[in-house]
Amino acid sequence: MTMPISEEGAAVTERSEKTMVRRPVAVVTGMSGAGLSTALKCLEDLGYEAVDNLPMNMVDALVDQGDLLSRPIAITVDARTRHFSSDALMKGVEALAARPDLAVRLIFLECGDEILQRRYTETRRRHPLAVDRPVADGILRERTLLAPLKDSADITIDTSLLSIHDLRRILAGHFKLSAEPTLHVFVTSFSFRQGVPREADLVFDVRFLTNPHYDPRLRPLTGLDAPVAARVAEDPDFDAFFRRLTDLLQPLLPRYNQEGKSYLTIAIGCTGGRHRSVFVAKSLAEWLGGQGYKVGLTHRDLERSGNRQT
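Going by this note's numbering, the sequence shown opens with residue -4, and the numbers climb by one from there.
Hints are computed from structural coordinates only; laboratory data are not their basis. Take these hints with a grain of salt, some might be off.
Using 16 Å as the maximum straight-line C-alpha spacing, the simulated EDC-like pairs for lysine to aspartate or glutamate come out as follows [as the list claims (entries may be wrong)]:
#1 K145 / E105
#2 K145 / D200
#3 K277 / D210
#4 K171 / D161
#5 K86 / E39
#6 K256 / D196
#7 K36 / D200
#8 K171 / D40
#9 K86 / D146
#10 K277 / D234
#11 K256 / D149
#12 K145 / D82
#13 K36 / D47
#14 K171 / E39
#15 K277 / D200
#16 K86 / D153
#17 K171 / D55
All of these numbers come straight from a predicted model, not from anything done at the bench.
Given the sequences, and given the hints that come with them, work out the whole structure.
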């Protein structure tokens, strides 16, 4: 699906001979149990007029409602919606995107099958597509039903390993309502054992660096501790690697900014997400801050990794 959509999560600007501000419309869909209601609440907190479970044939009326004409809008349309159809939703989004006064983006929330099943089991909720059948059947049916939407989405967010705070951060990065053009960079360390962050734009593997795990004195510590940082930094290849990493990013980041991308996630991974990746992510975040970028930093698997090999 081709849509004239800006990458900025703010009031979207289309440049021609004359600048016209286009009103943001965020359409949220995806797997039931993946956090659609949470995402809608996050967008509401960002300043969007939020409407849950709205049939697509009512979206035009909502967008053109008198008291909402200047408000950005976020809606969820999913399998709970009466007469839901992926084709109808895609056609509705395309029709909205064709309007010159709107900047429309389709957000798809994804989640692993096992985690979805666990969420339904823990909450004892019924899956909307498996009222009288096992939850697994409903998940499979819904995944098949929504496949075209996932392929057409402007942004896909896998919530399998995300906390509510992480989801809020990602949505704020893409959909904040400010005209600020500065690229916001988010750096996260992670464990390859736990999987690569799905939201990452750039991923770097630092498993080649000296591993503090094999030093009994350093094993209980993390990459945030000075002795671990010193050990990793003493690796004979670290300085050259870090210099080349920053040399790579230095020309790339301004180009992302020029293309209108407002949010970029860089993921740094090692085996357990406790030592090497943590130190490198922290060092990179400090370098980015020194370059004038707004930087966020987190260590996704730091607590989860415990004392296992990193």
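A quick look at each hint next to the structure:
1. K145 / E105: holds (8 Å)
2. K145 / D200: Outside the cut-off at roughly 28 Å; violated.
3. K277 / D210: violated (21 Å)
4. K171 / D161: holds (15 Å)
5. K86 / E39: Not satisfied, since the Cα-Cα distance of roughly 25 Å exceeds 16 Å.
6. K256 / D196: holds (11 Å)
7. K36 / D200: Violated. K36 to D200 sits at ~35 Å, over the 16 Å cutoff.
8. K171 / D40: holds (10 Å)
9. K86 / D146: Status holds; Cα separation ~14 Å.
10. K277 / D234: holds (15 Å)
11. K256 / D149: Holds, at about 13 Å.
12. K145 / D82: Cα-Cα ~12 Å, so holds.
13. K36 / D47: holds (9 Å)
14. K171 / E39: holds (11 Å)
15. K277 / D200: holds (15 Å)
16. K86 / D153: Violated, at roughly 24 Å.
17. K171 / D55: Violated, because 23 Å separates the two Cα atoms, which is more than 16 Å.
In summary, the numbered hints that this structure violates are 2, 3, 5, 7, 16 and 17.
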